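Number of protein chains: 2
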Amino acid sequence: MNLDTLGFLAGTVSAIVFLPQVIKTYQTKSVKDISFLMFSLATLSVILWLAYGIILENKPIIFTNGCVLILSLIMLYFKISYGKHEKNK
Amino acid sequence: MNLDTLGFLAGTVSAIVFLPQVIKTYQTKSVKDISFLMFSLATLSVILWLAYGIILENKPIIFTNGCVLILSLIMLYFKISYGKHEKNK
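Residue numbers (the numbering used here), protein chains in the order written: chain B, 1300 to 1388; chain Y, 1300 to 1388.
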């Protein structure tokens, strides 16, 4: 496997790491065990990577972190939204 | 802020993204809402990045992904270990 293929594969897997959590949380609507701080840090981290990728005009960095940003924001929304319902139960 | 500082900051934040989740899960011992597949994908992703970093001899990539690997493996261990206890309750 050449280096570009390895980097592409690593970037693709990174992009979808949060997807199973988004699907699980959407199905269960339960967020008690999820760390809000974790997804806040993830959001901060990908915003920094996005800035880095934009300055370098590096499309793989922009694409990967763009995907992770969307999934992180969905998880923060779920945590706030479903978290409220759990407290009200 | 120069580009190296931005990359270093992004890498440092990335390295500790899973830390709040590890701390929360260690304290609550509750893993019901956590996606096992998410941390499996995270582990696969950082192993690929580690291989990429080792081939490139890029220390920041190796350091960042080394930290994430340790935290991911801890979360997988928690999910399996605490998950068993939850089922036995």
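Since the hints were derived computationally from the structure, they do not count as laboratory data.
Check before you lean on any hint, since a few could be wrong.
Listed next, with one range per pair, are the computed distances between beta-carbon atoms [claimed, not checked]:
| no. | chain 1 | residue 1 | chain 2 | residue 2 | range |
| --- | --- | --- | --- | --- | --- |
| 1 | Y | T1327 | B | T1304 | 37 to 47 Å |
| 2 | Y | F1362 | B | Y1325 | 46 to 56 Å |
| 3 | Y | E1385 | B | D1303 | 14 to 24 Å |
| 4 | Y | E1385 | B | L1355 | 18 to 28 Å |
| 5 | Y | S1329 | B | I1353 | 37 to 47 Å |
| 6 | B | S1329 | Y | L1302 | 35 to 45 Å |
Being a predicted model, the structure only gives us computed values, none of them experimental.
All C-beta atoms, glycine included, are put in the ideal place defined by N, C-alpha and C.
Evaluate the given range 37 to 47 Å for the C-beta pair formed by T1327/Y and T1304/B. 40 Å, holds
When you take the CB atoms of F1362/Y and Y1325/B, is the distance between them in 46 to 56 Å? 34 Å, violated
35 to 45 Å as the expected CB spacing between L1302/Y and S1329/B, which holds or is violated: Between S1329/B and L1302/Y, where Cβ atoms are some 41 Å apart, the hint holds.
Against the range 37 to 47 Å, how does the distance between the Cβ atoms of S1329/Y and I1353/B compare: consistent or not? With Cβ atoms ~39 Å apart, the hint holds.
At the C-beta level, are E1385/Y and L1355/B separated by a distance inside 18 to 28 Å? This hint is violated: roughly 45 Å between Cβ atoms.
Verify the CB-CB distance for E1385/Y and D1303/B against the hinted window 14 to 24 Å. 43 Å, violated
When each numbered hint is compared with the structure, violations occur for hints 2, 3 and 4.
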